[in-house]
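Asks: Please put together the full structure from these sequences, using the hints given.
Protein chains: 2
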Amino acid sequence: MSEEKKLTPRSKDFSEWYNDVIMRAELADYSPVRGCMVIRPRGYRIWELMQQALDGMFKETGHENAYFPLFIPQHFLAKEADHVEGFAPQLAVVTHGGGKELEEPLIVRPTSETIIYSMLAKWIQSWRDLPLLINQWANVVRWELRTRLFLRTTEFLWQEGHTAHATDQEAEQEAQMILRLYRRFMEEWMAMPVLTGRKTDSERFADALRTYACEALMQDNRALQAGTSHNLGQNFAKAFDVTFQTADGGLDHVWSTSWGVSTRMIGGLIMTHGDDAGMVCPPRLAQWQVVLVPIYKTDEERAATFEAAQRITRELKQAGIRAYADLREGLKPGAKYFEWEMRGAPLRLELGPRDLANNSAMMARRSGGKKEPLPLDGLAARLTVELEAMQRSLFDAALARREANSIRGATKAVLLEKMAGDGGGGFVYGGYCGSPTCEAEIKQQTKATVRVLPDEEFRSPTTPERCLWCDSPSVTEAVWAKAY
Amino acid sequence: MSEEKKLTPRSKDFSEWYNDVIMRAELADYSPVRGCMVIRPRGYRIWELMQQALDGMFKETGHENAYFPLFIPQHFLAKEADHVEGFAPQLAVVTHGGGKELEEPLIVRPTSETIIYSMLAKWIQSWRDLPLLINQWANVVRWELRTRLFLRTTEFLWQEGHTAHATDQEAEQEAQMILRLYRRFMEEWMAMPVLTGRKTDSERFADALRTYACEALMQDNRALQAGTSHNLGQNFAKAFDVTFQTADGGLDHVWSTSWGVSTRMIGGLIMTHGDDAGMVCPPRLAQWQVVLVPIYKTDEERAATFEAAQRITRELKQAGIRAYADLREGLKPGAKYFEWEMRGAPLRLELGPRDLANNSAMMARRSGGKKEPLPLDGLAARLTVELEAMQRSLFDAALARREANSIRGATKAVLLEKMAGDGGGGFVYGGYCGSPTCEAEIKQQTKATVRVLPDEEFRSPTTPERCLWCDSPSVTEAVWAKAY
Chain Z
0 MSEEKKLTPR
10 SKDFSEWYND
20 VIMRAELADY
30 SPVRGCMVIR
40 PRGYRIWELM
50 QQALDGMFKE
60 TGHENAYFPL
70 FIPQHFLAKE
80 ADHVEGFAPQ
90 LAVVTHGGGK
100 ELEEPLIVRP
110 TSETIIYSML
120 AKWIQSWRDL
130 PLLINQWANV
140 VRWELRTRLF
150 LRTTEFLWQE
160 GHTAHATDQE
170 AEQEAQMILR
180 LYRRFMEEWM
190 AMPVLTGRKT
200 DSERFADALR
210 TYACEALMQD
220 NRALQAGTSH
230 NLGQNFAKAF
240 DVTFQTADGG
250 LDHVWSTSWG
260 VSTRMIGGLI
270 MTHGDDAGMV
280 CPPRLAQWQV
290 VLVPIYKTDE
300 ERAATFEAAQ
310 RITRELKQAG
320 IRAYADLREG
330 LKPGAKYFEW
340 EMRGAPLRLE
350 LGPRDLANNS
360 AMMARRSGGK
370 KEPLPLDGLA
380 ARLTVELEAM
390 QRSLFDAALA
400 RREANSIRGA
410 TKAVLLEKMA
420 GDGGGGFVYG
430 GYCGSPTCEA
440 EIKQQTKATV
450 RVLPDEEFRS
460 PTTPERCLWC
470 DSPSVTEAVW
480 AKAY
Chain G
0 MSEEKKLTPR
10 SKDFSEWYND
20 VIMRAELADY
30 SPVRGCMVIR
40 PRGYRIWELM
50 QQALDGMFKE
60 TGHENAYFPL
70 FIPQHFLAKE
80 ADHVEGFAPQ
90 LAVVTHGGGK
100 ELEEPLIVRP
110 TSETIIYSML
120 AKWIQSWRDL
130 PLLINQWANV
140 VRWELRTRLF
150 LRTTEFLWQE
160 GHTAHATDQE
170 AEQEAQMILR
180 LYRRFMEEWM
190 AMPVLTGRKT
200 DSERFADALR
210 TYACEALMQD
220 NRALQAGTSH
230 NLGQNFAKAF
240 DVTFQTADGG
250 LDHVWSTSWG
260 VSTRMIGGLI
270 MTHGDDAGMV
280 CPPRLAQWQV
290 VLVPIYKTDE
300 ERAATFEAAQ
310 RITRELKQAG
320 IRAYADLREG
330 LKPGAKYFEW
340 EMRGAPLRLE
350 LGPRDLANNS
360 AMMARRSGGK
370 KEPLPLDGLA
380 ARLTVELEAM
390 QRSLFDAALA
400 RREANSIRGA
410 TKAVLLEKMA
420 GDGGGGFVYG
430 GYCGSPTCEA
440 EIKQQTKATV
450 RVLPDEEFRS
460 PTTPERCLWC
470 DSPSVTEAVW
480 AKAY
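As they're listed, the protein sequences go chains Z and G. If you're matching positions, the first sequence starts at 0 in numbering that gives the first Met the number 0 and goes up one per residue. If you're matching positions, the second sequence starts at 0 in numbering that gives the first Met the number 0 and goes up one per residue.
What the hints contain is simulated information worked out from the structure, not anything from laboratory work. Among the clues, some could well be false.
Note that the list lumps identical chains together, so a pair holds whenever it fits in one copy or between two copies.
Simulated pairs of lysine-lysine, DSS-like, Cα-Cα distance not exceeding 27 Å [what the hints assert, rightly or not]:
hint: 1; residue 1: K121; residue 2: K58
hint: 2; residue 1: K331; residue 2: K369
hint: 3; residue 1: K4; residue 2: K121
hint: 4; residue 1: K121; residue 2: K331
Replies: This is the structure:
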């Protein structure tokens with residue numbers, strides 16, 4: 000744990016750096032089950048803080064949590080044709096239970112639309128029961144051949160929202176409201192700027208009318224799809240016969256949405272802010288926002304600095320700051336600094352005898368810059384300001400990096416140039432004719448896909464007039480990138 | 000939802016009453032997957048409140064949350080002989096993944112000791128890594144032939160704590176500390192009194208040195224095992240070779256514990272406090288602690304009572320009370336009262352024009368008694384006191400009921416009489432020789448089992464001298480009951 004072994008630098012091998020950070024910061028570990036990961040306490044704490052924030056936002060917007068079975072009868076998946084086709088290669092199948100072969104195999108949920116709609120059919124009778132706004136925090140399983148910690152694992156943790164509405168319009172509003180909610184969470188909590196917009200048909204959830212997504216740009220200039228929100232129209236309602244009596248006495252199928260974000264976001268957090276010293280955690284999602292390290296030589300100094308570290312930790316906690324005093328003995332201060340930098344703790348306070356004599360502590364910011372002595376009087380207020388400033392500055396830096404790696408009004412030549420080679424990437428904005436042929440050709444030749452047809456606030460001042468690939472008239476602006 | 004159909008009375012059929020309450024209060028529902036339930040939002044909210052309280056208690060005592068894979072390689076279970084024997088008939092087995100038959104089947108976790116110990120073997124090197132205190136909130140699967148909502152389902156939600164220690168003594172202290180923590184949660188939050196104590200060998204977790212349990216007495220006089228805590232000794236450490244370097248340079252296997260409570264507790268909550276009008280929810284676990292119902296005839300009265308209900312709800316929320324204004328139109332106040340009684344909301348405030356004119360509201364307690372007008376001034380403070388009083392009085396009533404249905408110093412004749420017939424039950428304290436033969440005979444003839452060898456604070460002033468069954472010398476006092 001305390002060996003001061005340097006990480007693989009990002010510039011040398013980003014992917015190895017990413018794995019190194021996760022292992023060395025003890026965020027997660029490989030498990031003996033192929034494709035499944037173990038989320039260790041330091042990683043899980045980030046997930047808990049994410050959950051708390053998101054759950055509050057879901058509840059504020061009227062959603063309630065529920066829990067549906069892990070298992071789905073096999074024939075349910077076949078009820079929605081696109082659904083079974085999309086997931087068939089990824090399913091884990093339970094064939095035996097209680098010592099016997101099952102009459103019908105059970106699927107371990109890859110997502111819960113089918114089991115949920117079978118229940119909605121029972122619960123929804125009239126327009127008075129609508130909208131029905133449900134969320135579930137759960138584990139899901141999608142068999143993966145090539146896995147990466149947090150980004151793509153056979154089992155992962157997520158939330159899946161499922162809502163039913165009386166009209167198409169309400170479902171559309173919900174899907175878009177959730178997209179904005181996700182964006183707000185990612186920007187305000189993760190300090191990770193995202194583009195939002197609609198997916199093309201080839202990239203949308205097969206069962207959806209429209210899929211919306213949040214896309215972030217990682218430090219290696221590849222895009223990460225960090226959350227999706229689907230307007231499902233009446234597809235599942237029809238497959239599971241979920242009808243309701245309308246206010247004027249008619250009968251209609253409900254209109255529905257589903258949306259989700261997962262532990263994949265932790266991967267996004269690492270690849271957005273991390274540096275060659277390890278994880279950099281935005282203060283709002285940090286297990287410990289301030290870590291105190293006592294510095295001493297004599298027993299007397301040890302007693303005084305420990306006492307001060309504990310007292311200050313208590314005071315900071317009372318002020319709502321997640322503070323931790325690292326009082327391990329037999330470990331030098333430098334080794335502790337190294338560890339807490341690896342783990343991404345936003346602020347460090349060094350407390351030595353000379354600091355105490357001056358009634359101050361030396362503050363170091365994980366995001367860089369000179370150390371600074373802070374008076375102990377009014378410390379909590381000052382650190383609160385520091386943490387807020389760091390939260391903002393991490394976002395600003397990530398935004399600046401994204402914009403520096405985005406290009407607008409791109410031509411075919413620019414797209415080819417930007418995507419060339421393993422190091423190529425970034426967000427490339429350009430005109431798009433809407434043809435799946437162009438989309439497929441671009442993907443084949445550059446590995447780039449349309450990440451989104453951007454929402455209004457992300458569009459270029461003037462929409463490009465021609466498709467950057469085939470030069471036919473453009474129907475929309477699109478953003479291409481190589482994606483995780 | 001609003002049909003005012005009466006519940007089956009408890010006295011007529013307790014089991015049917017129980018199912019009725021769950022369905023009518025919309026706590027849970029049967030699912031299309033055999034043995035699995037759906038936890039509906041009103042039931043899940045109780046679970047969330049339970050989780051919050053317990054999670055805080057676990058963290059205060061130094062535990063951290065983590066997440067381990069859902070799947071366990073089949074050969075892991077065989078590493079601990081008693082473990083595989085205990086769980087074999089209850090396993091769900093994944094044989095196919097990603098469209099192919101697996102080389103080795105995967106077990107859906109019935110509990111996570113094996114997968115967790117395989118990781119601990121990697122993480123623990125030295126005494127400095129101990130104690131390691133981990134908890135996991137997760138779903139687990141145990142195939143059940145006869146299921147009951149919340150009490151026994153094939154899939155259920157729980158927390159499972161897993162800790163590793165340097166000494167036998169520390170592991171024992173942890174197992175007992177958690178037992179006390181569970182008791183505190185059940186008594187202070189669920190208002191459900193429990194006996195604590197040790198299990199006999201026939202009732203303990205097969206892999207444990209010692210199993211401790213919390214046992215509550217339901218209104219039908221049957222016992223519910225509401226939580227267990229196991230001292231696992233070195234059994235799993237040896238099976239998975241989890242060793243550590245001791246402080247004096249030696250090598251030893253870790254000593255470990257595991258402990259869990261589950262959604263079963265929601266069943267206990269219902270069967271402890273419910274009455275013939277439905278659920279009675281202790282305030283600390285109630286989704287809505289206070290429900291406001293406006294009463295009006297004219298449009299003017301409607302506007303005034305709605306405005307007041309909303310304003311008061313805001314004020315109560317600011318004071319930390321979970322308050323809800325039921326502003327549904329087209330539903331009479333009486334129908335709303337009926338519903339909220341079914342759902343167990345602790346306090347109801349009725350707001351009519353006359354109440355408003357008097358600057359007051361009419362309060363009704365779910366636990367019974369006369370309605371009472373309360374001045375709106377100082378309402379939040381008054382309701383806070385009411386809620387605390389109800390929390391206490393529910394506990395007191397449950398404790399009085401349990402004690403009225405407990406008998407100490409029982410003879411064989413008394414045990415037989417108390418357990419006779421379907422209606423028989425209660426806690427029967429008596430001397431026990433410690434022989435599995437007596438235990439088995441008693442179970443066969445009365446259906447009663449030893450729930451616990453009670454902890455000191457629950458023991459009778461003098462330990463009975465003879466076994467109530469065989470009349471040999473008693474080695475301990477035991478508590479018998481018929482159990483869920």
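Asks: For a quick check of understanding: which of the numbered hints are violated here, in increasing order?
Replies: When the structure is compared with the hints, none of them turns out to be violated.
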